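Engineer: Each protein sequence line maps, in turn, to chains F and C. Reminder that position 116 of the first sequence reads as 116 in full-length UniProt numbering, one-by-one numbering, no gaps. Reminder that position 29 of the second sequence reads as 29 in full-length UniProt numbering, one-by-one numbering, no gaps.
If you're looking for bench data, these hints aren't it; they were derived computationally from the structure. Please read all numbers here as calculations on a predicted model, not as lab measurements. We put the beta carbon where it would ideally sit given N, CA and C, even for glycine. One or more of the hints may lead you astray.
Claimed, not checked - To give an idea of the interface, some chain F residues facing chain C are shown, with a C-beta separation under 8 Å as derived from the structure: (1) Thr17; (2) Gly25; (3) Phe90; (4) Gly140; (5) Glu230.
Take a look at the letters that make up each chain.
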Amino acid sequence: MWRKSKPYLLLLPAAGTIILLFFGGIFDGLLKSFGYFPAIGETELTFAAYDSLLHSGSFWESMALTLRIAALSSLLSAVIGALVALALFFLNDSMKSASPKAWHRLFQLPLTIPHLVAGYIIVLLFTQSGFVSRLLAAFGWIDDITDFPVLVNDPFGWGIILTYAWKEAPFVALMLYPVLSRIHGSWREVSRVFGAGNWQFVREVVVPVMMPAWAIATFIVFVFTFSAFEVPYLLGVTYPSVLPVYSYQLYTSGTLSDRPEALAVNMILAAITILLGLVAYYFSKRWNVLKGWG
Amino acid sequence: MKRHPRLLSLFVFITLIIFIIVPFVPLLLSSLSFGWRWPDVLPESWSFRTWEYVLNDGRTWQAVGISLWIALIVTAVNILLAIPAANALVRYPVRGRWLFEAIIFAPIIIPPFISVMGIHLTFLRLGLTETVVGVVLAHIAPTLPYMFRAVMISYQTLSVDWEDQARMLGARAVPRFFHVVLPHLLPGILAGASLSVLISLSQYLITFIIGAGQVVTLPILLFPFVSGGDPGIASAYSLLYAAIAIAALVGMDAALKRYYQLNKASQGQAKGVKP
Chain F
1 MWRKSKPYLL LLPAAGTIIL LFFGGIFDGL LKSFGYFPAI GETELTFAAY DSLLHSGSFW
61 ESMALTLRIA ALSSLLSAVI GALVALALFF LNDSMKSASP KAWHRLFQLP LTIPHLVAGY
121 IIVLLFTQSG FVSRLLAAFG WIDDITDFPV LVNDPFGWGI ILTYAWKEAP FVALMLYPVL
181 SRIHGSWREV SRVFGAGNWQ FVREVVVPVM MPAWAIATFI VFVFTFSAFE VPYLLGVTYP
241 SVLPVYSYQL YTSGTLSDRP EALAVNMILA AITILLGLVA YYFSKRWNVL KGWG
Chain C
1 MKRHPRLLSL FVFITLIIFI IVPFVPLLLS SLSFGWRWPD VLPESWSFRT WEYVLNDGRT
61 WQAVGISLWI ALIVTAVNIL LAIPAANALV RYPVRGRWLF EAIIFAPIII PPFISVMGIH
121 LTFLRLGLTE TVVGVVLAHI APTLPYMFRA VMISYQTLSV DWEDQARMLG ARAVPRFFHV
181 VLPHLLPGIL AGASLSVLIS LSQYLITFII GAGQVVTLPI LLFPFVSGGD PGIASAYSLL
241 YAAIAIAALV GMDAALKRYY QLNKASQGQA KGVKP
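The task is simple: from the sequences and hints, build the whole structure.
Structural biologist: The structure is reproduced here in structure tokens:
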């Protein structure tokens, strides 16, 4: 009896904590999104919040903005991250054991910077009176502050996209690099025997090898940027706002009737992220990318 | 590319500098400037005004202390929860393994603020809002999966034979854990702890919802400045905040290296004594 139930008892504290604190909170939110507030005498379950959300223009605008920002940030991080990983790979190849270790460390620096700080770095760089604008003015490429495009707190979300590109590109590179380092030097020699140049080697050998990890890393960045709050809260505009910020605005608007709607936005967000997570998990299992993730 | 390693490495080096280092330059300049008007690339005059303000303000150090305190408690709780769970999942035939993994890894995929916003009113009723305990409870879900994963990887490389051998030599469960299992898990625990501390340090929204402005961690203190406050002070706070996050990480790394060195030294001694 003890032998059989032992692993479950060992799992109980961790799983129980997550169930109670995390899923309990989600369930609590789910009930309240149906208008269940026993504290103020509301015990009937209704779909009113979902109904009014799905019929409101601002919700769909928010959804479109969120998808656009997540898609552009993940694509941009994917491209930069892959270039970084490839550069490090070829550098290692040509320098053998000199100093690439320290460079790897340096490349991971943006990963350790908190999101709010990363957002503020982008503010200082890309506001109309920011550092990039000053540099352009010094080179005489622009004459006035207003010649510089509005890239921060803009309705399109460029500031948010730039912040994510800076922070998540090293993440993509970090996911790709171990995969690339599995490519043996001998493969390169074989490819040369068959007459392949550098570019052909990249296209025929390196890219196929890194493809699965690349796709998964990009997907993880997409799911994260889809549901993150801090950066769009700092760098976005009040309207339209991304879904997490939209939910927060509704939650703190002051009127109690907006709260079920805020929680309904959360539930929709949760459903989407679970779905995306399952897709990512399925493919990573199939392609065997996330070793050690179970 | 083989023919121009110099050129390539120079190119990569310059790109690296532009991409990683240059973004910090305006942050540093802004924190040291005194009135930095638009077309000037460098500030006209320099001053330590913002750093004096930030470093002399008692709230700064209080926020640093509370942030680290919360991160440490969260990490300690995570270690206690993760070790038995990882042990069970790696070494025992568990039915419904996927379900347990799904439960523990779920907070990586589903954003934690969804759960925290849902549980907010319940926390309010229980008197957990505006308290450090409440914030710690809110920080556990987003950090535990990373600790769990790190410990799980360590367990995968620890053969049961080692413990069996210790058992044969007469070691009971507790010494077996502290002398055989724990030393092997330690690198994994430290890796998980760095992630746990880093993630706890960077939580803004869930700390704000549960702490309700009363539990002032670094991001809570920073936010009003970066969203339209004095740019100089915002920059100084940002640099301090980033430095503490990096220092926490580097500190863990150094602790790990030191541990290995000490281990090597003691092994060397043991070898020296043996013959």
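Engineer: Each hint should be assessed against the structure and marked as holding or not.
Structural biologist: Here's how the hints hold up against the structure:
1. The beta carbon of F:Thr17 is positioned within 8 Å of a beta carbon in chain C (closest approach about 6 Å), and the interface hint is therefore held.
2. Look at F:Gly25: its Cβ gets to within about 3 Å of chain C, closer than 8 Å, so that hint holds up.
3. Contact between F:Phe90 and chain C, as hinted, is supported at the beta carbon level, the nearest pair being about 6 Å apart and thus within 8 Å.
4. This hint is violated: F:Gly140 has a C-beta 11 Å from the nearest C-beta of chain C, more than the 8 Å allowed.
5. Using the Cβ-Cβ criterion of 8 Å, the hint placing F:Glu230 at the interface with chain C is satisfied: the shortest such distance is roughly 5 Å.
Of the hints listed earlier, the one the structure fails to meet is number 4.
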